[in-house]
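Asker: Residues per chain, in single letters:
2 protein chains.
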Amino acid sequence: MTHSRVIKSNGYHWDGVEKKDYKTDTTNFKDISRYSLLGEGERDYELNMQTRYFEIQPGGYSSLEYHRHPHSVVIIRGSGSVIINDAIHTISTFDVVYISPETVHQFHADNSEELGFICVVDRYRDKPAIPGTEIIDRLVGQGIAREKIRL
Amino acid sequence: MTHSRVIKSNGYHWDGVEKKDYKTDTTNFKDISRYSLLGEGERDYELNMQTRYFEIQPGGYSSLEYHRHPHSVVIIRGSGSVIINDAIHTISTFDVVYISPETVHQFHADNSEELGFICVVDRYRDKPAIPGTEIIDRLVGQGIAREKIRL
Chain A
3 MTHSRVIKSN GYHWDGVEKK DYKTDTTNFK DISRYSLLGE GERDYELNMQ TRYFEIQPGG
63 YSSLEYHRHP HSVVIIRGSG SVIINDAIHT ISTFDVVYIS PETVHQFHAD NSEELGFICV
123 VDRYRDKPAI PGTEIIDRLV GQGIAREKIR L
Chain B
3 MTHSRVIKSN GYHWDGVEKK DYKTDTTNFK DISRYSLLGE GERDYELNMQ TRYFEIQPGG
63 YSSLEYHRHP HSVVIIRGSG SVIINDAIHT ISTFDVVYIS PETVHQFHAD NSEELGFICV
123 VDRYRDKPAI PGTEIIDRLV GQGIAREKIR L
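One line per chain: the protein sequences are A and B, in this order.
Sequential numbering of the first sequence, starting at 3, is according to my numbering.
Sequential numbering of the second sequence, starting at 3, is according to my numbering.
Chain A with its partners taken away, still in its complex shape (with noise of 0.2 Å):
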């Protein structure tokens, strides 16, 4: 008895994976879809990580948060942008992001395209924080990456 198996995929959808909710729990983001592809069952009780995809529409963007757990990000759908603290960095298909503990990060699809990217997660993992302003004072500052933020 294996739990291996293949997910088909039919351009960015996946067989037997359904789009969900990107959050329930707070609003400060935008036009922004879910997909749990491995990890999150039972069945993968095996998994110390869950794989998710993310899919940005243009003009929309994820929450900006905070939170102790890293992120490993593949972008494998257009192109974009990140906010990491007071950087804002432009993203583009195939190009991997690091989001380390603590930091302040907000993704982008600013390019007139989707931005969709894979998301390896920790399985047990703290709780995203959205930063107030004293931790926005402190780690996105004052220059362009203060204009950009949306909350």
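Some clues are possibly wrong.
All copies of an identical chain are treated as equivalent in the list; a pair is satisfied when it fits inside any one copy or across any two copies.
As the list claims (entries may be wrong) - No more than 20 Å apart at the CA atoms, straight line, and that leaves these computed lysine to any residue pairs for SDA-like:
id: 1; residue 1: K10; residue 2: D112
id: 2; residue 1: K10; residue 2: S102
id: 3; residue 1: K10; residue 2: I78
id: 4; residue 1: K129; residue 2: N50
id: 5; residue 1: K10; residue 2: C121
id: 6; residue 1: K25; residue 2: R70
id: 7; residue 1: K10; residue 2: A89
id: 8; residue 1: K10; residue 2: D88
id: 9; residue 1: K22; residue 2: R45
id: 10; residue 1: K129; residue 2: S6
id: 11; residue 1: K22; residue 2: P60
id: 12; residue 1: K10; residue 2: N113
id: 13; residue 1: K150; residue 2: S6
id: 14; residue 1: K129; residue 2: Y24
id: 15; residue 1: K129; residue 2: F31
id: 16; residue 1: K10; residue 2: T92
id: 17; residue 1: K129; residue 2: S102
id: 18; residue 1: K10; residue 2: I90
id: 19; residue 1: K150; residue 2: R7
id: 20; residue 1: K10; residue 2: S81
Bear in mind the hints are in silico, worked out from the structure with no lab data behind them.
Once you've looked at the hints, dock chain B against the given chain A.
Answerer: Below, chain B without anything else, positioned relative to chain A:
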């Protein structure tokens, strides 16, 4: 001080990431390269997982192996097939593959093009083992997968 970063890609190469030997201790593979993207260096001590990109040239294959740690795989280039125990699955770009513990597996670029995939594993994991005849008899059996495996 953050170790967050964006690693820019140029096709299926990444700035500052060198092509490495696939393995150095065995020879049961053909025309495959490894790129370590995240989680191997001391700088990435915060990561519990490693993100690697593997690329197999047409006609090549990964080593036939099994181990306790699972693999979370996303195909990002081309197509081919993967043997998982006694089954052969065709795979193509954006398919997701889960290799559960203690399953014999081997990736083949057998569709006249490169097969490239992101493979995420636990940072601390057991060493892959090459299955002997007893394991192959039990897990791969005598069917179509047996014909296809390369040792």
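Asker: The structure should be examined with respect to each hint, and the outcome stated for every one.
Answerer: Right, here's what the structure says about each hint:
{"no.": "1", "hint": "K10 <-> D112", "in the structure": "between (29 Å within a copy, 18 Å between copies)"}
{"no.": "2", "hint": "K10 <-> S102", "in the structure": "between (31 Å within a copy, 17 Å between copies)"}
{"no.": "3", "hint": "K10 <-> I78", "in the structure": "both (16 Å within a copy, 13 Å between copies)"}
{"no.": "4", "hint": "K129 <-> N50", "in the structure": "both (16 Å within a copy, 17 Å between copies)"}
{"no.": "5", "hint": "K10 <-> C121", "in the structure": "both (18 Å within a copy, 16 Å between copies)"}
{"no.": "6", "hint": "K25 <-> R70", "in the structure": "within (18 Å within a copy, 33 Å between copies)"}
{"no.": "7", "hint": "K10 <-> A89", "in the structure": "between (36 Å within a copy, 15 Å between copies)"}
{"no.": "8", "hint": "K10 <-> D88", "in the structure": "between (39 Å within a copy, 19 Å between copies)"}
{"no.": "9", "hint": "K22 <-> R45", "in the structure": "within (19 Å within a copy, 34 Å between copies)"}
{"no.": "10", "hint": "K129 <-> S6", "in the structure": "between (29 Å within a copy, 19 Å between copies)"}
{"no.": "11", "hint": "K22 <-> P60", "in the structure": "within (18 Å within a copy, 37 Å between copies)"}
{"no.": "12", "hint": "K10 <-> N113", "in the structure": "between (28 Å within a copy, 17 Å between copies)"}
{"no.": "13", "hint": "K150 <-> S6", "in the structure": "between (42 Å within a copy, 19 Å between copies)"}
{"no.": "14", "hint": "K129 <-> Y24", "in the structure": "within (14 Å within a copy, 36 Å between copies)"}
{"no.": "15", "hint": "K129 <-> F31", "in the structure": "within (16 Å within a copy, 42 Å between copies)"}
{"no.": "16", "hint": "K10 <-> T92", "in the structure": "between (30 Å within a copy, 9 Å between copies)"}
{"no.": "17", "hint": "K129 <-> S102", "in the structure": "within (15 Å within a copy, 27 Å between copies)"}
{"no.": "18", "hint": "K10 <-> I90", "in the structure": "between (34 Å within a copy, 14 Å between copies)"}
{"no.": "19", "hint": "K150 <-> R7", "in the structure": "between (41 Å within a copy, 18 Å between copies)"}
{"no.": "20", "hint": "K10 <-> S81", "in the structure": "between (24 Å within a copy, 12 Å between copies)"}
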